[in-house]
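A.B. asks: Sequence:
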Amino acid sequence: MNQPVNENNTPKLAQKPSIQLFKAGTYKLNDLADLLEVNNLKSQMAEITVTDNSNGLTVGFFAMQPGVDFEFVYEFVEYKVITKGKIVMRDLQGNKYVAEVGDVVLFTPNVTVIFDGESDGEAVYTAHRIADKMFAPK
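Residues in the sequence shown are numbered consecutively from 317, following this note's numbering.
The hints are simulated quantities; they were obtained by calculation from the structure and are not laboratory data.
Keep in mind that the hints are not guaranteed to be accurate.
To be verified - Distance ranges between label pairs, derived from CB positions: (1) T342 x L408: 30 to 40 Å; (2) T342 x Q409: 34 to 44 Å; (3) T442 x V414: 13 to 23 Å.
To be verified - Subject to a maximum C-alpha distance of 27 Å in a straight line, what follows is the list of computed BS3-like cross-link-like pairs (lysine-lysine): (4) K358 x K344; (5) K454 x K400; (6) K344 x K402; (7) K358 x K412; (8) K344 x K449; (9) K449 x K358; (10) K400 x K344; (11) K454 x K402; (12) K358 x K400; (13) K402 x K412; (14) K400 x K449.
All C-beta atoms, glycine included, are put in the ideal place defined by N, C-alpha and C.
Build out the structure end to end from the sequences listed, making use of the hints.
C.D. replies: Laid out in structure tokens, this is it:
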């Protein structure tokens with residue numbers, strides 16, 4: 317899929333009026349164990365900038381298989397829609413959240429999330445930020 321790129325040399329989807337269909341598997345997901353340097357992590361993701369104006373918007377794909385926990389600090393608004401299996405998360409207070417197919421999880425800025433190693437699922441997400449080139453599709 318050939319798309320215009322932004323300053324991070326990542327695709328930018330909202331270039332002109334259009335309908336864009338992304339079939340499952342369109343983008344190769346990045347191995348988070350390597351990117352985040354977490355041994356034995358079994359999780360992958362890829363994200364693409366929708367628009368890079370002052371109200372940046374990113375869409376991405378996330379998958380996680382049973383393995384180790386990992387922590388992520390959200391500095392922006394993001395939501396994930398679970399499309400397969402389940403994603404299990406905890407907050408720093410130990411509250412556990414199990415998101416299953418069809419569930420939507422909303423993360424607010426300045427929240428730390430621990431993704432549980434028992435997760436075995438996939439999600440699509442939208443974040444109110446420009447895509448991070450570290451997670452750009454390969």
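A.B. asks: Take the C-alpha atoms of K400 and K449, compute the straight-line distance between them, and say whether it is at most 27 Å.
C.D. replies: Measuring from Cα to Cα gives roughly 25 Å; hence the hint holds.
A.B. asks: Is the Cα-Cα distance between K358 and K344 27 Å or less?
C.D. replies: At roughly 15 Å apart (the allowed maximum being 27 Å), K344 and K358 satisfy the hint.
A.B. asks: Against the 27 Å threshold, does the CA-CA distance of K358 and K400 hold or violate the hint?
C.D. replies: Judged against 27 Å, a Cα distance of about 16 Å means the pair holds.
A.B. asks: If you check the beta carbons of T342 and L408, does the distance land in 30 to 40 Å?
C.D. replies: holds (35 Å)
A.B. asks: Does the structure keep K449 and K358 at a Cα separation of 27 Å or less?
C.D. replies: holds (20 Å)
A.B. asks: Regarding the pair K400 and K344, is the alpha-carbon distance no greater than 27 Å?
C.D. replies: holds (17 Å)
A.B. asks: Would you check the hint for K358 and K412, treating anything up to 27 Å between C-alpha atoms as holding?
C.D. replies: With Cα atoms ~20 Å apart, K358 and K412 stay inside 27 Å; holds.
A.B. asks: Mind checking the alpha carbons of K454 and K400 for me, to see if they're no more than 27 Å apart?
C.D. replies: holds (22 Å)
A.B. asks: Quick one, are K344 and K449 close enough, alpha carbons at most 27 Å?
C.D. replies: holds (14 Å)
A.B. asks: Sort out whether K402 lies within 27 Å of K454, counting only the CA atoms.
C.D. replies: Satisfied, since the Cα-Cα distance of roughly 25 Å is no more than 27 Å.
A.B. asks: State, for the Cβ atoms of T442 and V414, whether the hinted interval 13 to 23 Å holds or is violated.
C.D. replies: Given range 13 to 23 Å: holds, Cβ gap about 21 Å.
A.B. asks: Can you confirm whether the C-alpha distance between K402 and K412 stays at or below 27 Å?
C.D. replies: holds (13 Å)
Consistency with the previously given hints is maintained throughout, with no hint failing.
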